[in-house]
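Number of protein chains: 2
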Amino acid sequence: MTNPVLPEPAPLRELIDAFKRLPGVGERTARRMAYHVLQNDVVGAQELSQALQHAVTALIHCQRCNSFSETEICPTCSNPQRDKSLLCIVETPADQNMIEASHSYYGLYYVLMGRLAPLEGVGPKDLQFQRIAQRAAETEVREVILATNYTAEGETTAHYLAEYLSAHGIKLTRLARGVPAGSELEYVDASTIAWALMERRST
Amino acid sequence: MTNPVLPEPAPLRELIDAFKRLPGVGERTARRMAYHVLQNDVVGAQELSQALQHAVTALIHCQRCNSFSETEICPTCSNPQRDKSLLCIVETPADQNMIEASHSYYGLYYVLMGRLAPLEGVGPKDLQFQRIAQRAAETEVREVILATNYTAEGETTAHYLAEYLSAHGIKLTRLARGVPAGSELEYVDASTIAWALMERRST
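Sequence order for the protein chains is A and B. Using this note's numbering, the letters of the first sequence map in sequence onto residues 10 to 212. Using this note's numbering, the letters of the second sequence map in sequence onto residues 10 to 212.
Read the hints as simulated data drawn from the structure, not as lab findings. These numbers were taken from a predicted model, which means no experiment stands behind them. Treat the hints with care, as some may be off.
The list cannot tell twin chains apart, which means a pair is met if one copy fits it or any two copies do.
[Unchecked claim] Straight-line Cα separation of at most 25 Å, DMTMM-like style, residue types lysine to aspartate or glutamate; simulated pairs:
#	residue 1	residue 2
1	Lys-29	Glu-195
2	Lys-93	Glu-17
3	Lys-134	Glu-195
4	Lys-180	Glu-81
5	Lys-29	Glu-149
6	Lys-134	Glu-152
7	Lys-29	Glu-193
8	Lys-29	Glu-152
9	Lys-29	Glu-81
10	Lys-134	Glu-193
11	Lys-134	Glu-147
12	Lys-29	Glu-79
13	Lys-29	Glu-109
14	Lys-134	Asp-50
15	Lys-134	Glu-36
16	Lys-180	Asp-50
17	Lys-29	Glu-56
When you get a sec, could you build the whole thing from the sequences and use the hints?
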């Protein structure tokens, strides 16, 4: 339907193809983005171009938490007010951000930048399990919270991490699973209800 | 929910903000795109950066049809096999592309690169109505097909264009409106049915 049937200018075609590499962007959306920036937001196009270039060159991974940072140690890891006895392992910076937004965690993080995905060829080596073990084995760490997603892959990752880290005698915990805050039971899926029942607690 | 609560590296924040200027991209999607290119597709990020820069500098508007082109006259306009007696006026290059994809039109185009939108301050001057009139008044043009969208704004644009161009004694037509091909009447909206009835034709 949106196949290019007109002889398209090469720079336009290349821009559309470049947009298509972004997650969730297909031919039609990429085309809309390209037309938009060219017609209405040339300044935005130039800013995006520069922001991409700058981000790619300026951002490194924090040596402590592995998240994106401009410095070798990120501000979160170097913040003296953070509780060094807690280490929360998350899949992505987005997950880390969500936990921060809950304003209920003041420990440190380790960001996997992925999850075990055997079908995609992502194994323990790619996630640098050894580095995580080293980090978790530091004397001040008293508890490691496995906060990977409750998806098949996130669960697998948590499972393997637990096996890998338990050798070091560290206390491991996992985020509670249950009924979401503010939700009505009627609209919660059955497996969540099942988990909430299984992990019910006395009041 | 996705408000940055962590001290974010500036290059990351700038990249997210730049993505947010794209149509249909909010904070969450922009963040996903930024993390994606930084984590998994640095090459893609660089290609997008260059494609944006290249497109912005290399693309101009065709002097005949006003669509994006690398040359002063685009390949479509300079194609001798095109029927010069037909001029189809569309809102965007995307619309032009859809008409091409129907493989049922072999005339030339004029791309408005927008539509009349009084509320957004887009008037006849912005769309260069005078230039369109000049183009439509060329001796070889026998029929102008108004192929703007059947939205309120597209209709307004067609209406004004018709008024503006009719002074030149050019034959003006508009795309037929009716039941979409392959659709069942049961699922077609009432106003479309009403139009299809009003514009019914003898078989």
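Status of the hints after comparison with the structure:
1. Taking the closest pair of Cα atoms, Lys-29 and Glu-195 never come within 25 Å of each other, the shortest separation being 39 Å inside a single copy and 36 Å across copies.
2. For a Cα distance limit of 25 Å, the shortest separation of Lys-93 from Glu-17 across copies, 20 Å, qualifies, whereas the shortest one inside one copy, 57 Å, does not.
3. Proximity of Lys-134 to Glu-195 under the C-alpha cut-off of 25 Å is found in neither arrangement, the shortest distances being 42 Å within a copy and 57 Å between copies.
4. With identical chains, the CA atoms of Lys-180 and Glu-81 are never at most 25 Å apart, being 28 Å at best within one copy and 69 Å at best between copies.
5. Taking the closest pair of Cα atoms, Lys-29 and Glu-149 never come within 25 Å of each other, the shortest separation being 45 Å inside a single copy and 40 Å across copies.
6. Proximity of Lys-134 to Glu-152 under the C-alpha cut-off of 25 Å is restricted to the intra-copy arrangement: shortest distance 23 Å within a copy versus 67 Å between copies.
7. Proximity of Lys-29 to Glu-193 under the C-alpha cut-off of 25 Å is found in neither arrangement, the shortest distances being 39 Å within a copy and 33 Å between copies.
8. For a Cα distance limit of 25 Å, the shortest separation of Lys-29 from Glu-152 qualifies neither inside one copy, at 42 Å, nor across copies, at 38 Å.
9. In this assembly of identical chains, Lys-29 and Glu-81 lie within 25 Å of each other by CA distance neither inside one copy nor across copies; the values are 32 Å within and 28 Å between.
10. Proximity of Lys-134 and Glu-193 under a CA criterion of 25 Å is satisfied in neither setting, with 42 Å inside one chain copy and 55 Å between copies.
11. Proximity of Lys-134 and Glu-147 under a CA criterion of 25 Å is satisfied intra-copy only: 20 Å inside one chain copy versus 69 Å between copies.
12. In this assembly of identical chains, the alpha carbons of Lys-29 and Glu-79 lie at most 25 Å apart only when taken from different copies (21 Å versus 28 Å within one copy).
13. In the homo-oligomer, the alpha carbons of Lys-29 and Glu-109 lie at most 25 Å apart only across protomers (22 Å), although the nearest pairing inside one protomer, at 31 Å, exceeds that limit.
14. For a Cα distance limit of 25 Å, the shortest separation of Lys-134 from Asp-50 across copies, 19 Å, qualifies, whereas the shortest one inside one copy, 43 Å, does not.
15. Taking identical chains as interchangeable, the C-alpha atoms of Lys-134 and Glu-36 are never at most 25 Å apart, the minima being 35 Å within one chain and 32 Å between chains.
16. In this homomeric assembly, Lys-180 and Asp-50 never come within 25 Å of each other (Cα to Cα): the closest approach is 52 Å inside a single copy and 36 Å across copies.
17. Taking the shortest alpha-carbon separations for Lys-29 and Glu-56, both the intra-copy value of 19 Å and the inter-copy value of 11 Å come in at or below 25 Å.
Checked against the numbered hints given earlier, the structure breaks hints 1, 3, 4, 5, 7, 8, 9, 10, 15 and 16 and satisfies all the rest.
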